[in-house]
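Chemist: With the hints as extra help, turn the sequences into a complete structure.
Spelled out, the chains give:
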Amino acid sequence: MTLLTVQDLAVARGGLRTVEGVTFDLEAGQALILRGPNGVGKTTLLRTVAGLQAPVAGRIAMPEDCLAYAAHADGLKPALTAAENLTFWAQVFGGGGTDAALAAMDLTALAHRPAAALSAGQKRRLGLARLLVTGRPLWVLDEPTVSLDAASVARFAEVLGAHLGQGGAALIATHIDLGLPQARVLDLTPFRARPGSAPATRASGFNEAFA
Amino acid sequence: MIALLIRDLRLATRAGGGFGLGVAFFLILSALVPFGVGPDRATLAPVAPGILWVGALLACLLSLDRIFALDHEDGSLDLLATAPLPLEAAVAIKALAHWITTGLPLVVSAPLFGILLQLPVQAMPWLVASLALGTPALSMLGAFGAAITVGLRRGGLLLSLLVLPLYIPTLIFGAEITRRGAEGMATATPLMFLAGITLGVLALIPFAAAAALRVNLR
Numbered sequence: 001m002t003l004l005t006v007q008d009l010a011v012a013r014g015g016l017r018t019v020e021g022v023t024f025d026l027e028a029g030q031a032l033i034l035r036g037p038n039g040v041g042k043t044t045l046l047r048t049v050a051g052l053q054a055p056v057a058g059r060i061a062m063p064e065d066c067l068a069y070a071a072h073a074d075g076l077k078p079a080l081t082a083a084e085n086l087t088f089w090a091q092v093f094g095g096g097g098t099d100a101a102l103a104a105m106d107l108t109a110l111a112h113r114p115a116a117a118l119s120a121g122q123k124r125r126l127g128l129a130r131l132l133v134t135g136r137p138l139w140v141l142d143e144p145t146v147s148l149d150a151a152s153v154a155r156f157a158e159v160l161g162a163h164l165g166q167g168g169a170a171l172i173a174t175h176i177d178l179g180l181p182q183a184r185v186l187d188l189t190p191f192r193a194r195p196g197s198a199p200a201t202r203a204s205g206f207n208e209a210f211a
Numbered sequence: 001m002i003a004l005l006i007r008d009l010r011l012a013t014r015a016g017g018g019f020g021l022g023v024a025f026f027l028i029l030s031a032l033v034p035f036g037v038g039p040d041r042a043t044l045a046p047v048a049p050g051i052l053w054v055g056a057l058l059a060c061l062l063s064l065d066r067i068f069a070l071d072h073e074d075g076s077l078d079l080l081a082t083a084p085l086p087l088e089a090a091v092a093i094k095a096l097a098h099w100i101t102t103g104l105p106l107v108v109s110a111p112l113f114g115i116l117l118q119l120p121v122q123a124m125p126w127l128v129a130s131l132a133l134g135t136p137a138l139s140m141l142g143a144f145g146a147a148i149t150v151g152l153r154r155g156g157l158l159l160s161l162l163v164l165p166l167y168i169p170t171l172i173f174g175a176e177i178t179r180r181g182a183e184g185m186a187t188a189t190p191l192m193f194l195a196g197i198t199l200g201v202l203a204l205i206p207f208a209a210a211a212a213l214r215v216n217l218r
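First to last, the sequence lines map onto chains A and B.
Numbering follows full-length UniProt numbering, in which position 84 of the first sequence is assigned residue number 84; successive positions increment by one, without gaps.
Numbering follows full-length UniProt numbering, in which position 119 of the second sequence is assigned residue number 119; successive positions increment by one, without gaps.
Honestly, the hints are just simulated from the structure, not real lab data.
Think of the CB as a built atom: it goes at the ideal place given N, C-alpha and C, for glycine as much as any other residue.
No incorrect hints appear here.
Stretch by stretch, here's where chain A covers chain B in the computed footprint (C-beta under 8 Å, at least three residues):
(1) 9-17
(2) 78-92
Simulated restraints on C-beta separations:
(3) Gly135/A with Val108/B: 39 to 49 Å
(4) Asp74/B with Ala103/A: 23 to 33 Å
(5) Glu73/B with Arg194/A: 29 to 39 Å
(6) Ala211/B with Ile176/A: 30 to 40 Å
(7) Pro181/A with Gly151/B: 37 to 47 Å
(8) Asp106/A with Ile115/B: 55 to 65 Å
(9) Ala117/A with Pro111/B: 37 to 47 Å
Partner residues are not named here, just some residues of chain B that face chain A (Cβ under 8 Å, in silico):
(10) Ala3
(11) Leu4
(12) Asp74
(13) Gly75
(14) Leu217
(15) Arg218
Modeler: Here it is as structure tokens:
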């Protein structure tokens, strides 16, 4: 089953195109890793796929209610405990399995600590555990391994592998090797928008809010 | 939706959540005004409805920027926007949570502060009724202002400038209900107007605020 189809996609940040002409699709069980230098538009592309901003050109198609997005920020409330944070997202997404998700990311012992008392790596693990409780098949991950130690990266790769094995798919922007044999790599550098292919100057009266 | 409401209420009541801040401000204002204006009934009673309503308005304003700014900082707003919950519903729920933590305590404690300001006893039910009808509109309009200013650092002042003009109709009719109640006049007309304003705001603002959020999240 195709979980995500992206055709001839162009995205823009601050009114200027970053990448254009990106085409790929993701079947169940596949992972696609986006690479490219800083500022090439990986985050912008992921935010566009997640529906947080509109594409400049091209088409994004996916089945309804299939996407879970994990950004640079983990979306944790410092005053709530790890378990409360996770339970909230499980309820919002109508998923479950909070305990299993905590166990999968090795957080069971920390379940009743307030998120403010977790370390950066532990927070990130909690943020990634959120993906498990959403019950969504397509994971869109923006630098998921930031501040994780080697053991946690291996653990996350294991979780990701299991997710792919169960018919999930993942679109990941990362600079490190996750050790996923089934993952394809897409380098965004050749798709960098060329000045001249789009209007170099903004039209008068340009307003990003209404672009 | 219930989960979001429970989370917001829980956050408000935990350390640093700001629960009770509005009531504390209301108390300070009502306790200070008699010192400034003089404690006798003849001077305080005529201005009491207006001061109580202005106090309620400013107390409400205090915690407005928290509605979306905190969620935006820690990234949960992005995640909420990609969640199955419609953004309009998230706005409505967050405004409701703001009202429960700010507006409702004001409604409940208002008679006490009315006594401090020598408000006649026959006006108390009208004060409570007008606040109960008016404060939901204050929270919802505030959510709209918070949605517009969500990406801005220190957007609190701009938020106040945007929102206060929108509060004026609610203030006029709310204070008028209380004033008429104090003088024993008929209150039905301003009550109807206040209810109409609140219902209109509750019906329309979630859509406007959600649209503003979508623009700000890009």
